[in-house]
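Residue numbers (the numbering used here), protein chains in the order written: chain A, 452 to 777; chain B, 452 to 777; chain C, 452 to 777.
Do not take every clue at face value.
[Unchecked claim] Below are the DMTMM-like pairs computed for lysine to aspartate or glutamate, each with C-alpha atoms no more than 25 Å apart in a straight line:
| hint | chain 1 | residue 1 | chain 2 | residue 2 |
| --- | --- | --- | --- | --- |
| 1 | C | K613 | C | E700 |
| 2 | B | K499 | C | D494 |
| 3 | C | K528 | B | E558 |
| 4 | B | K528 | A | E558 |
| 5 | A | K613 | A | E674 |
| 6 | A | K499 | C | E662 |
| 7 | C | K499 | B | E558 |
| 8 | C | K614 | C | E700 |
| 9 | A | K528 | C | E558 |
| 10 | A | K499 | B | D494 |
| 11 | C | K712 | B | D552 |
| 12 | B | K499 | A | D720 |
| 13 | C | K528 | A | D494 |
| 14 | A | K614 | A | E700 |
| 15 | A | K659 | A | E715 |
| 16 | B | K528 | C | D494 |
| 17 | B | K613 | B | E702 |
| 18 | C | K716 | C | E617 |
| 19 | C | K528 | B | D720 |
| 20 | A | K712 | A | E662 |
| 21 | A | K613 | A | D720 |
| 22 | A | K528 | B | E743 |
| 23 | C | K614 | C | E677 |
| 24 | B | K659 | B | E647 |
| 25 | C | K718 | C | E660 |
| 26 | C | K499 | A | D494 |
Please keep in mind that the hints were generated in silico from the structure rather than gathered at the bench.
Residues per chain are reported as follows:
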Amino acid sequence: MTGNTIQLDNNGNLKHFLTTEGLSQSLLQKILDHAESFATVGDRPVKKVPLLRGKTIANLFFEPSTRTRTTFELAAKRLSADILNLNISTSATSKGESLSDTLQTLEAMHCDMFVVRHANSGAAHYIATQVAPHISVINAGDGRHAHPTQAMLDMFTIRRHKKEFENLRVAIVGDVLHSRVARSEIHALNTLGVLETRIVAPHTLIPKEVESLGVHVHHDMDEGLEGVDVVMMLRLQRERMRGALLPSEFEYFQRYGLTGKRLEKAKPDAIVMHPGPINRGVEIDSSVADSERSVILQQVSHGIAVRMAVMAMTMGRSGDDMEENE
Amino acid sequence: MTGNTIQLDNNGNLKHFLTTEGLSQSLLQKILDHAESFATVGDRPVKKVPLLRGKTIANLFFEPSTRTRTTFELAAKRLSADILNLNISTSATSKGESLSDTLQTLEAMHCDMFVVRHANSGAAHYIATQVAPHISVINAGDGRHAHPTQAMLDMFTIRRHKKEFENLRVAIVGDVLHSRVARSEIHALNTLGVLETRIVAPHTLIPKEVESLGVHVHHDMDEGLEGVDVVMMLRLQRERMRGALLPSEFEYFQRYGLTGKRLEKAKPDAIVMHPGPINRGVEIDSSVADSERSVILQQVSHGIAVRMAVMAMTMGRSGDDMEENE
Amino acid sequence: MTGNTIQLDNNGNLKHFLTTEGLSQSLLQKILDHAESFATVGDRPVKKVPLLRGKTIANLFFEPSTRTRTTFELAAKRLSADILNLNISTSATSKGESLSDTLQTLEAMHCDMFVVRHANSGAAHYIATQVAPHISVINAGDGRHAHPTQAMLDMFTIRRHKKEFENLRVAIVGDVLHSRVARSEIHALNTLGVLETRIVAPHTLIPKEVESLGVHVHHDMDEGLEGVDVVMMLRLQRERMRGALLPSEFEYFQRYGLTGKRLEKAKPDAIVMHPGPINRGVEIDSSVADSERSVILQQVSHGIAVRMAVMAMTMGRSGDDMEENE
Chain A
452 MTGNTIQLDN NGNLKHFLTT EGLSQSLLQK ILDHAESFAT VGDRPVKKVP
502 LLRGKTIANL FFEPSTRTRT TFELAAKRLS ADILNLNIST SATSKGESLS
552 DTLQTLEAMH CDMFVVRHAN SGAAHYIATQ VAPHISVINA GDGRHAHPTQ
602 AMLDMFTIRR HKKEFENLRV AIVGDVLHSR VARSEIHALN TLGVLETRIV
652 APHTLIPKEV ESLGVHVHHD MDEGLEGVDV VMMLRLQRER MRGALLPSEF
702 EYFQRYGLTG KRLEKAKPDA IVMHPGPINR GVEIDSSVAD SERSVILQQV
752 SHGIAVRMAV MAMTMGRSGD DMEENE
Chain B
452 MTGNTIQLDN NGNLKHFLTT EGLSQSLLQK ILDHAESFAT VGDRPVKKVP
502 LLRGKTIANL FFEPSTRTRT TFELAAKRLS ADILNLNIST SATSKGESLS
552 DTLQTLEAMH CDMFVVRHAN SGAAHYIATQ VAPHISVINA GDGRHAHPTQ
602 AMLDMFTIRR HKKEFENLRV AIVGDVLHSR VARSEIHALN TLGVLETRIV
652 APHTLIPKEV ESLGVHVHHD MDEGLEGVDV VMMLRLQRER MRGALLPSEF
702 EYFQRYGLTG KRLEKAKPDA IVMHPGPINR GVEIDSSVAD SERSVILQQV
752 SHGIAVRMAV MAMTMGRSGD DMEENE
Chain C
452 MTGNTIQLDN NGNLKHFLTT EGLSQSLLQK ILDHAESFAT VGDRPVKKVP
502 LLRGKTIANL FFEPSTRTRT TFELAAKRLS ADILNLNIST SATSKGESLS
552 DTLQTLEAMH CDMFVVRHAN SGAAHYIATQ VAPHISVINA GDGRHAHPTQ
602 AMLDMFTIRR HKKEFENLRV AIVGDVLHSR VARSEIHALN TLGVLETRIV
652 APHTLIPKEV ESLGVHVHHD MDEGLEGVDV VMMLRLQRER MRGALLPSEF
702 EYFQRYGLTG KRLEKAKPDA IVMHPGPINR GVEIDSSVAD SERSVILQQV
752 SHGIAVRMAV MAMTMGRSGD DMEENE
């Protein structure tokens, strides 16, 4: 499945946001530009714009995630939308209702947008094929497939610090195998035209097809970080790991944990990113996580702005009229 | 208990909405008329009216129900009220507080309305007798007794399709014994003056007193559907059934499942209704549920409008001034 | 730790509200004065003021409490703030994230206020030392330490009934050992200058240091109630008690339960208070709880007003401009 056919409407505007794969560079830049206009809302005394007032957004979380749900909830509230939090696993489906019937029921309640988190790859895409034409679907993470708003908040953070993408070398470090974030980042970095994207991980945590995505694979972290502008650490998805892919967290940290010493291999102005929540002492040393090089908390702030931008864009609203009073 | 004595204020206006039993035809029609004015709100770009702005509505769910709770939550938000979702079973009462103390505490917090779902028949009625004069109580389903907003959204859906009630033959099919929906529908259909109401169900799923309500009982489904204008399917309350009232779901479907072939017995323009969530292949065949005859999803949409109407009416607000800007 | 150093900003205004200990009489009176201006909001047709519109308040409940969470949620909504309810024990920390990282993440989402309930004494104070300068922290109960908004709603209720504090004799009856409410009340009563504060409880339910707080200890309830103006009953924290501090609830009631007969020892116009939820027949007889002397439900109403006042004050907003239209 390519991103364009289902994600864009007939005028080439964003209708759903399911994956960064297949979207054009100009569209990704447009998302970042819109997010720029929302980034200041969080600093205002009144952190609200009326762009989606009277719209109903349903957070459909088939897999629990307080942090991601909270960022979408805040983004929706700051756009003045009404939001429903639905933990699907514990409600309708336990009465035997099918997913399709649940979706149609929410449509009949005049929901305008579904924010979907699901343990199965492709779930948000499938839902987007099922919904009525006026409904937008945003993928908040599906299986190992994609987490496009996370990738775009990372791109936003990179652009804020590095201005242009074209001369950048970026290293993505850690559990790529289980990471929907890594997949979405790789597609976005490719499209935005970085000079080089590297994957740094042990053999057991790298998916087979990864080199076909145009990345360079490194198993040695010092080599992988050599001369990079951006270090994107991944979370060790301990709760997702089955079996013995890793010897131990201690050994993992010895080989792939980001320490101040290892970071010296990167460029002097390299930034350090992490999608959070961080496992201190597992993927990253506290001294690095809390250093000036770390932009981890900026990523969180940018996450609200990027989600506001994507929510507004898929609903056909730009940030241009957001100064209007509520 | 008769509906009028407690449900109406001294001027004959709706104060609580506990049961369809005992309310006058003109009052039921008034609810439907008000719902008509709210039915378009869901299609507006801004799905909100300021009728209950600054009011506090508490969803008191002593029995969990995501779907019903969500419809009341949406209705409240679209009326601009503030809503509290309280799952009572897991909170105050576990600290040993009495129901009466919980209610008085919520009153002292200046709640204006309680939406009550409870496993015991009569619970909402009891609560209405306990609350302060300014508080309205809406029954969102009590035991096997009543579910009046469900019944009224069904009446609304029938009126939209059939205009008048007086010449209609209506068949209610399925588990009448456990169904608060069926009871509320029978009272509403009687009051609205339909020509005939039929109950179609096996002996074991029909309550003893049902013929005293003026309905005709059929155990054979083909006979029961013969010439009807409206087929109202009930949900098989599998989670409520104790013991062996039914041989098997398969056998039930053989005798009482609504198939395309069975529906041929009804009038050619008969509509098919179901309160949801549907058990496909148990009460109803998928081809019927998804056919043009099915108005099941319209029922969901109408549910929001009817609940908005009832909430506004019990709070003394009509839909007339709802065009006012927020 | 003294209250002033961290609770006040450089201009002596309330920045956090963590404990009643160490705050000046004039500041406590100022809180009560502000609460007075909010007390009428609950009686208005539109129970909302726009003072905190566009602010984001996070309810951080590390220990569950529906009642307290609900009052803060209502206070926030009536101030027009956006509120996030976060049950921390079941979310981020289960993924191994540290408290400090959770707080920094919420800050990065541009939260303006944390309302904190925690089982550990000192938790809210610790959090206040960690947060960014623009964030206010309100203690909604920490271990056995403090519950300052409860104490201030009690002071508000006393002032409404007794006007001045200086000639009052107040008896606090019950499980002082486990009661953060009692500690916060004692500090507030001392600062507001009551004539005498008495503690009435069995030896096993009185903390060792209590007489250093300037209270008189009574083990006989009739003696303890003799001539008092205010009887403040405490809740028997059955869920907090470990081991055999009490012979039985029945015996407890025999010795320390508030009955009509015992209340005769107090002044004829003495008021009876309880933080709720009440254990009828354990701490208090129903006839007393429901009598005219009881101001228990007024305490609940005042709780919303006092919380609105404290939330507005810590955010630098007074109630003076609250008539402004939203």
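Going through the hints against the structure:
1. About 32 Å separates the Cα atoms of K613 (chain C) and E700 (chain C), which puts this hinted pair outside 25 Å; it is violated.
2. This hinted pair checks out: K499 (chain B) and D494 (chain C) have alpha carbons roughly 24 Å apart, not beyond 25 Å.
3. Taken as a hint, the K528 (chain C) and E558 (chain B) pair is honoured in the structure, with Cα atoms around 17 Å apart against an allowance of 25 Å.
4. With a C-alpha separation of about 17 Å, the suggested pair K528 (chain B) and E558 (chain A) falls inside the 25 Å cut-off, and the hint holds.
5. Proposed proximity of K613 (chain A) and E674 (chain A) is supported: the alpha carbons are some 22 Å apart, at most 25 Å.
6. A hinted pair counts as satisfied when its Cα atoms are at most 25 Å apart, and K499 (chain A) with E662 (chain C) does not qualify at roughly 51 Å.
7. With a C-alpha separation of about 17 Å, the suggested pairing of K499 (chain C) with E558 (chain B) holds against the 25 Å cut-off.
8. As the CA atoms of K614 (chain C) and E700 (chain C) are separated by approximately 36 Å, the hinted pair breaks the 25 Å bound.
9. Between K528 (chain A) and E558 (chain C), the direct Cα distance comes to roughly 17 Å. Compliance with the 25 Å bound is thereby established for this hinted pair.
10. For the hint linking K499 (chain A) to D494 (chain B), the alpha-carbon distance of about 24 Å falls within 25 Å, and the restraint holds.
11. In summary, the hint linking K712 (chain C) to D552 (chain B) is supported, as the alpha carbons are separated by about 23 Å, within the 25 Å threshold.
12. A threshold of 25 Å between alpha carbons decides the hint, and for K499 (chain B) with D720 (chain A) the separation of about 50 Å lies outside it, so the pair is violated.
13. Taking the CA atoms of K528 (chain C) and D494 (chain A), the gap is about 21 Å. The hint holds against a cut of 25 Å.
14. Annotation: proposed proximity of K614 (chain A) to E700 (chain A) is violated, straight-line Cα distance about 36 Å (limit 25 Å).
15. Between K659 (chain A) and E715 (chain A) the alpha-carbon distance is near 30 Å, which puts this suggested pair outside the 25 Å criterion.
16. Straight-line distance between C-alpha atoms of K528 (chain B) and D494 (chain C) comes to about 21 Å, which keeps the hinted pair within the 25 Å bound.
17. Restraint check for K613 (chain B) and E702 (chain B): the C-alpha separation of about 33 Å exceeds 25 Å, so the hint is violated.
18. Simply put, K716 (chain C) and E617 (chain C) have alpha-carbon atoms about 21 Å apart, close enough for the 25 Å limit, and the pair holds.
19. Between K528 (chain C) and D720 (chain B) the CA atoms are separated by roughly 48 Å; this puts the pair beyond 25 Å, and the hint is violated.
20. This hinted pair does not check out: K712 (chain A) and E662 (chain A) have alpha carbons roughly 28 Å apart, beyond 25 Å.
21. As the CA atoms of K613 (chain A) and D720 (chain A) are separated by approximately 10 Å, the hinted pair is consistent with the 25 Å bound.
22. A threshold of 25 Å between alpha carbons decides the hint, and for K528 (chain A) with E743 (chain B) the separation of about 37 Å lies outside it, so the pair is violated.
23. Straight-line distance between C-alpha atoms of K614 (chain C) and E677 (chain C) comes to about 21 Å, which keeps the hinted pair within the 25 Å bound.
24. Our distance criterion of 25 Å between C-alpha atoms is met by K659 (chain B) and E647 (chain B), whose separation comes to about 19 Å.
25. A hinted pair counts as satisfied when its Cα atoms are at most 25 Å apart, and K718 (chain C) with E660 (chain C) does not qualify at roughly 29 Å.
26. A threshold of 25 Å between alpha carbons decides the hint, and for K499 (chain C) with D494 (chain A) the separation of about 24 Å falls inside it, so the pair holds.
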